[in-house]
Amino acid sequence: MDVLTANNIVKKFSSHLALDDVSVSVPQGSVFGLLGPNGAGKTTLIRIINQITAPDSGIVYLNGEKLSEKHISQIGYLPEERGLYKKMAVGEQALYLCQLKGMSKTDALKGLKQWFQKFEIESWWGKKVEELSKGMQQKVQFIITVLHKPQLLIFDEPFSGFDPINANMLKNEILELRNNGATIIFSTHNMSSVEEICDHIALINKSKKILDGSVNVIRKEYASDIYEISYDGFFNTLEPTLMSDYKILEVTNHQQGGTIKLEMLNKEISSNELLNKMMQFGTINSFQKHLPSMNDIFIKVIGDTNSVTE
Amino acid sequence: MSKIGLIIKREYITRVKKKSFIIMTILGPLLFAGVVVAMILMMKMDDDEFKKIAVIDETGLFNDNVLLNTEYIEFDFVSTEYFDPVAVKYDLTRAKKEFNGSDYYALLYIPHTAANTVKGQVQLISHKQTNLGLKMYITNSIEKRLKDVKLDLKAQDLGISDKDVQDILVAVNTNINVVTTVIDGEEERETSTQITMIIGYVCGLLIYMFVFMYGNLVMQGVIEEKSNRIIEVIVSSVKPFQLMMGKILGIALVGITQFMLWVILTFAFITIAQTALLDETDVAKLTQTMDVSGQLDVDSQLSDDNAVKFEEIFRSLSSINIPLILGLFLFYFIGGYLLYAALFAAIGSAVDNEADTQQFMLPISAPLMLGLIVMFYAINNPSGSLAYWFSIIPFTSPIVMLVRIPFGVPVVEVITSVVLLILTFILMTWVAAKIYRVGILMYGKKVTYKELWKWFRYKN
Chain E
756 MDVLTANNIV KKFSSHLALD DVSVSVPQGS VFGLLGPNGA GKTTLIRIIN
806 QITAPDSGIV YLNGEKLSEK HISQIGYLPE ERGLYKKMAV GEQALYLCQL
856 KGMSKTDALK GLKQWFQKFE IESWWGKKVE ELSKGMQQKV QFIITVLHKP
906 QLLIFDEPFS GFDPINANML KNEILELRNN GATIIFSTHN MSSVEEICDH
956 IALINKSKKI LDGSVNVIRK EYASDIYEIS YDGFFNTLEP TLMSDYKILE
1006 VTNHQQGGTI KLEMLNKEIS SNELLNKMMQ FGTINSFQKH LPSMNDIFIK
1056 VIGDTNSVTE
Chain R
804 MSKIGLIIKR EYITRVKKKS FIIMTILGPL LFAGVVVAMI LMMKMDDDEF
854 KKIAVIDETG LFNDNVLLNT EYIEFDFVST EYFDPVAVKY DLTRAKKEFN
904 GSDYYALLYI PHTAANTVKG QVQLISHKQT NLGLKMYITN SIEKRLKDVK
954 LDLKAQDLGI SDKDVQDILV AVNTNINVVT TVIDGEEERE TSTQITMIIG
1004 YVCGLLIYMF VFMYGNLVMQ GVIEEKSNRI IEVIVSSVKP FQLMMGKILG
1054 IALVGITQFM LWVILTFAFI TIAQTALLDE TDVAKLTQTM DVSGQLDVDS
1104 QLSDDNAVKF EEIFRSLSSI NIPLILGLFL FYFIGGYLLY AALFAAIGSA
1154 VDNEADTQQF MLPISAPLML GLIVMFYAIN NPSGSLAYWF SIIPFTSPIV
1204 MLVRIPFGVP VVEVITSVVL LILTFILMTW VAAKIYRVGI LMYGKKVTYK
1254 ELWKWFRYKN
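Those protein sequences? They're chains E and R, same order as listed. Numbering-wise, my numbering comes out as the position in the first sequence, counting from 1, plus 755. Numbering-wise, my numbering comes out as the position in the second sequence, counting from 1, plus 803.
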């Protein structure tokens, strides 16, 4: 079941095409990574989902219903360009922004107190925002984003500006929200965080979606035939045997064995056959097909599409 | 509460709670009341004390019966003391020197030239600045005496008896007051140019100031939200139009609050100052000195018709349709602000900081300045075609129309002007909203009018 479906979205700004027939589906309960280089159209797509701008053509569905004003309260959005009124008190401001999302004052007040307790920041309530550090402000913004318990949460570059401790805390909070049933869209170009927390991704480049699907599937798809094997035995006798069908990429030897990283050149040979061969020369300690990192995939796919279009 | 209501509430409360608002609200009336109090104080400053004035009279025409002593003023004729028989003249230098050490309040010197010239010079020498009341009292007394003397001399020359002179004076006593009246169908109203001029000026200037001050607040508010980067958080919850209108209306309420507080506080401060500074005898005394100078003028040809003027003002005040003026003032006050506030909001949305606003201010300041200039002109010629057109055109009508209203404007013209203002306000808000919704999410772009036009044409 998909929480959010965007079909054939097109958005044009005068001469510049920001989104060209982009479709994405965000499965219920997933952490969905919206990836792409700067200027690819991620923020435009997010703004369309938030009804800040409307698409020129294409439809967005939330829970199968066409997106409308009533859905505003079901979405929580933490933009990349985020800020607060500097001269306004923290608590008063949080209350105001939550009420704008459609919460009643009493609900908002109750929820805010709980979150402030959880983050141990009750003493900030009466302080002016300008007295807080940037990291502290981010915490307040996070609370405001999630307080109305939206079923869909959208974070645009959430970790920018956070120190590693707070970034880790934020990551755990996001995963906890996911575990409690929320669906999360997560726009970033920080690929290590994608591997850690995203289940699904869509990759947008130059206004077009060029890749999407589950993270595990994509990584397998992009896996080239590279294996990492560590063994105890005699490499000298192993090497000539492998010469014809394999390309040895990396070898580390120690006294009685080592690790070897090799790429299969002959696609006909299965991994079992390779394992069989290897077993004759020594003891296999580990045998692993190497999966590419999201970063590698990101660079490869974008590099490929750019060279095609150029 | 609706979302727009929440926005209005925030805009209102954060601004009204600001120190600068509170200071401005109290300081304005204090300053104004201060001026009024200073005037009162100046008027009564010397009146408290008993003043003895030494008089050196070279003409020999003045005595106790001409320069009348009052409760607070006593004239002491010291002419003989300073007559120098050797030089056969009055020694003013010595008089001045001795006056310095004396307890006289002032030294009045009437040279003999005063009696036989049209514009005579009389000197009043004192240690402190003399107040206006005393100066007027002396001027009136001397003028009257000299006129009488000249009249007597001329009458003797011509061989006319005193009785005939009196008869002639009574016969020629004329006092003309031009009462302007406007006939409007069945209705006949008296008008007063002076009072209408004042009302027109004050209304026009107030609206001009209000539009600029509070329009600027709207613009600053928009820039603040943009540079704070809070804008995207808010527009994910409310429509940009709601945010813009909430801000404009919230600030309008702040302006109305401040205006009302100014009026109330100014009256309060003046009343307090009056009761604190003037007791009843003071008030009685002030009116008395006025009366004395008034009485002196009764048979003077050069009538200083203060009393007549006051009467005229009150008469014409009642002739002006106050509820109409007040109602229209409020309408143009709010209508003018709303029309320009939307434009201010659009400009605020187009720039990243306040320094960049200058290039877009011309379309706002030019019509407002023009309105002000035409307003000054319209006071002299309220029915001229320039005044007519500028009171119909919505960009200037809030300033110009109110100057014309007290002179009487046909109902059709007023309605045309009002309807046009409403329509233009709606149109401007629509245009501004289209620019605003794009502008608030644009950063780091050098914006030109061409760019604004492009934004205006974006869909949704």
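If you are wondering where the hints come from, they were derived from the structure by calculation, not from laboratory data. One should not assume that every hint holds.
Unchecked claim - Below are the SDA-like pairs computed for lysine to any residue, each with C-alpha atoms no more than 20 Å apart in a straight line:
| id | chain 1 | residue 1 | chain 2 | residue 2 |
| --- | --- | --- | --- | --- |
| 1 | E | LYS882 | R | LYS899 |
| 2 | E | LYS841 | R | LYS899 |
| 3 | R | LYS1249 | E | SER828 |
| 4 | E | LYS882 | E | GLN892 |
| 5 | E | LYS865 | E | LYS842 |
| 6 | E | LYS883 | E | GLY857 |
| 7 | E | LYS889 | R | LYS1249 |
| 8 | E | LYS883 | R | LYS899 |
| 9 | E | LYS883 | R | LYS1249 |
| 10 | R | LYS821 | E | ALA844 |
| 11 | E | LYS841 | R | ARG1260 |
| 12 | R | LYS1248 | E | LYS889 |
| 13 | E | LYS842 | R | TYR885 |
| 14 | E | LYS767 | E | LYS963 |
| 15 | R | LYS812 | E | LEU850 |
| 16 | E | LYS842 | R | LYS899 |
| 17 | R | LYS1237 | E | GLU824 |
| 18 | E | LYS842 | E | ASN923 |
| 19 | R | LYS1253 | E | HIS771 |
| 20 | R | LYS1257 | R | VAL1221 |
| 21 | E | LYS860 | R | LEU1226 |
| 22 | E | LYS841 | R | GLN1161 |
| 23 | E | LYS1016 | E | LYS1032 |
| 24 | E | LYS821 | E | ASN762 |
| 25 | E | LYS842 | R | ASP951 |
| 26 | R | LYS806 | E | MET843 |
| 27 | R | LYS806 | E | GLY1013 |
| 28 | E | LYS882 | E | PHE871 |
| 29 | R | LYS806 | E | SER828 |
| 30 | R | LYS899 | R | TYR885 |
| 31 | E | LYS860 | R | ASP951 |
| 32 | E | LYS1002 | E | ILE984 |
| 33 | E | LYS882 | R | ASP951 |
| 34 | E | LYS883 | R | VAL1234 |
| 35 | E | LYS883 | R | LYS1237 |
| 36 | R | LYS922 | R | ALA890 |
Predicted model only: the values in this text are computed from it and were never measured.
So, against the hints stated earlier in the document, which numbers end up violated here? Failing hints, ascending: 1, 2, 3, 5, 6, 7, 8, 9, 11, 12, 13, 16, 18, 20, 21, 22, 25, 27, 31, 33, 34, 35, 36.
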